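A.B. asks: Produce the entire structure from the sequences given, and follow the hints as far as they go.
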Amino acid sequence: MKLLLIGDDESTILFHLVGLDSIIYDDIKENFEEEFSSLIEDPEIGFIILTESVLMRHKKFILNIKMTRRRPIIVEIPQMIQKFQENYVNETIKQFIGINLEE
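Add 1252 to the 1-based position in the sequence shown for my numbering, that's all there is to it.
To be clear, the hints were calculated from the coordinates, so they are not data collected in a lab.
Note that this is a predicted model, so its numbers are computed, not measured.
A portion of the hints provided could be inaccurate.
Below 30 Å or equal to it, Euclidean Cα-Cα: the simulated DSS-like pairs (lysine-lysine) are [claimed, not checked]:
(1) Lys1254 <-> Lys1312
(2) Lys1254 <-> Lys1311
(3) Lys1318 <-> Lys1281
(4) Lys1281 <-> Lys1311
(5) Lys1281 <-> Lys1312
Computed Cβ-Cβ distance ranges for the label pairs, DEER-style [as the list claims (entries may be wrong)]:
(6) Lys1312 <-> Leu1269: 24 to 34 Å
(7) Leu1269 <-> Asn1316: 27 to 37 Å
(8) Pro1295 <-> Val1327: 14 to 24 Å
(9) Thr1320 <-> Leu1269: 30 to 40 Å
(10) Ile1329 <-> Lys1281: 12 to 22 Å
(11) Asn1316 <-> Ile1280: 16 to 26 Å
(12) Ile1325 <-> Phe1284: 18 to 28 Å
(13) Leu1272 <-> Arg1323: 12 to 22 Å
(14) Leu1291 <-> Gly1271: 15 to 25 Å
(15) Arg1309 <-> Leu1266: 13 to 23 Å
(16) Gly1271 <-> Lys1312: 25 to 35 Å
Quick reminder that beta carbons are idealized off the backbone N, C-alpha and C, glycines included.
C.D. replies: Right, dumping it as structure tokens:
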């Protein structure tokens, strides 16, 4: 039984490093529903892991599949690497020690 991840570049790289199959979402986003439908019909795929951003883009479609099918098991994980805000460092310092570096 195979485990498959569909997600962003960073998440798929991490899964490849540990020897698991993955698909970069950007490679299939134009035909996502068609591609996903063919993946869930593959009897060898037992688990599909979706990153949070993929689920949010296709929430209604994916939830419908989860409610009507027993296999494969579909789960969501948070993004592996979150994008930093422009003022991330300043906001973190301000939050923890109360000093604003921008003043």
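A.B. asks: All the hints need checking, so say for each whether the structure fits it.
C.D. replies: Evaluated hints:
For the suggested pair Lys1254 and Lys1312, the alpha carbons sit about 25 Å apart, so the restraint of at most 30 Å is met. Under the criterion of a C-alpha separation no larger than 30 Å, the hint pairing Lys1254 with Lys1311 is consistent with the structure, at around 23 Å. Restraint check for Lys1318 and Lys1281: the C-alpha separation of about 19 Å stays at or below 30 Å, so the hint holds. This hinted pair checks out: Lys1281 and Lys1311 have alpha carbons roughly 14 Å apart, not beyond 30 Å.
Proximity of Lys1281 to Lys1312 is assessed by CA-CA distance (about 15 Å); at most 30 Å being required, the pair is judged to hold. For Lys1312 paired with Leu1269, a C-beta distance near 32 Å keeps the hint of 24 to 34 Å intact. As the Cβ distance of Leu1269 to Asn1316 is approximately 33 Å, the hint placing it in 27 to 37 Å holds. Between Pro1295 and Val1327 the C-beta distance comes to about 19 Å, which sits within the given range of 14 to 24 Å.
Between Thr1320 and Leu1269 the CB atoms are about 34 Å apart, so this pair conforms to the stated range of 30 to 40 Å. Ile1329 and Lys1281 have their C-beta atoms about 18 Å apart, which keeps the hinted 12 to 22 Å range intact. Take Asn1316 and Ile1280: their Cβ atoms lie about 18 Å apart, and the range 16 to 26 Å holds. A hinted range of 18 to 28 Å for the beta carbons of Ile1325 and Phe1284 is consistent with their spacing of about 19 Å.
Between Leu1272 and Arg1323 the Cβ separation comes to about 18 Å, which falls inside the hinted range of 12 to 22 Å. The beta-carbon spacing between Leu1291 and Gly1271, approximately 19 Å, falls within the hinted interval of 15 to 25 Å. Between Arg1309 and Leu1266 the beta carbons are some 20 Å apart, a value that agrees with the proposed interval 13 to 23 Å. Checked against the hint of 25 to 35 Å, the pair Gly1271 and Lys1312 passes, with Cβ atoms roughly 33 Å apart.
The structure is consistent with each of the numbered hints, conforming to all of them.
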